[in-house]
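Colleague: Between the sequences and the hints, there should be enough to build the whole structure, so can you do that?
Top to bottom, those sequences are chains A and B.
Okay, so the first sequence: first residue is 108 according to my numbering, each after it adds one.
Okay, so the second sequence: first residue is 1465 according to my numbering, each after it adds one.
Because the hints were derived from the structure by calculation, they are not lab data.
Worth double-checking, as some hints may not be accurate.
Claimed, not checked - Sample of chain B residues facing chain A (criterion: CB under 10 Å; computed from the structure): (1) ALA1495; (2) VAL1542; (3) LEU1582.
Every residue, glycine too, gets a C-beta built ideally from N, C-alpha and C.
Single-letter residue listing:
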Amino acid sequence: MIAAIAIYAGCILLLLGALFSLIAAIGVVRLPDLYTRMHAASKAGAVGGGLVLLAVALLCFDVGVGLRAIIGFVFLLLTTPVSAHLLARASYRTTDQLQMKMVVDELKTKGGPNSAA
Amino acid sequence: MNPAMTVVVLALIWAAITGTFSGLNLLLGAAIGIVAVLLLRKNLGPPRRFRQLRNAASLAALFLYELAASAVRVAIVVLTPDMKSALKPAIIAFPLSVKSDAEITLLANLITLTPGTLSVDVSEDRSLLYVHALNFGTREGLIADIAGGFEAKVREVYS
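Modeller: This is the structure:
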């Protein structure tokens, strides 16, 4: 009974993870610039990969593998924002910001709360 | 946590990652843990109290909820047929009230994985965090969201 529930829950997690990974990939293709793409890649990507790892933890029926999958999920969540942050920062320092269509850009003027447009 | 507890926890994590809980493997994990604690002993903070652990758990719960919400929101934006009008990208300067490196790092990571926001840079005097927003509404609303949500929780964990 419990095994059946674990299998069904694992399959649902696996499908959801695959769906979010697909959405992240579509987002990277469709979104217009690096920052908006990093939104898709970091959030939907981390959730997609994480759900697949959790599904592995549920479906493997092995404590060692399950624990490692959960720890992998934690490390994924720890490292994804760091890479997104570094890519966004590196891009900001190298590309011509006139190409970017932003509503407000307070980093350009190094502006604080009071110098906002 | 005192250093001895840290070594025990590191040994258990080591055993979990390598997948075997044999005595020899736990000893190896403890040895690696001792080396890590010795190398990092200057960076280990003062012992945490139980209340802080509870605050950390509450922060983790809020984070998991926000992570799920943010993935769904990004998915909705990505799948909108008329995507250009759904996007209003902007970079906002968020005034930081947390000061230590550890708190700023944690807050920046949390911001990146939550709805519509991505941390881009931190100013040199560490008073401003530059945040990229996918759907910019008002800067007051965005700043109030972060300051009242994650920043308050992060400060509680480290207080």
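Colleague: Are the hints correct? Go through all of them and say.
Modeller: So, going through the hints one by one against the coordinates:
Nearest Cβ of chain A to the Cβ of ALA1495/B: about 20 Å, over the 10 Å cut. The hint is violated. Annotation: interface hint on VAL1542/B holds; nearest CB of chain A at approximately 4 Å, less than 10 Å. Among the interface hints, the one on LEU1582/B holds; its C-beta lies about 6 Å from the nearest C-beta in chain A, closer than the 10 Å criterion.
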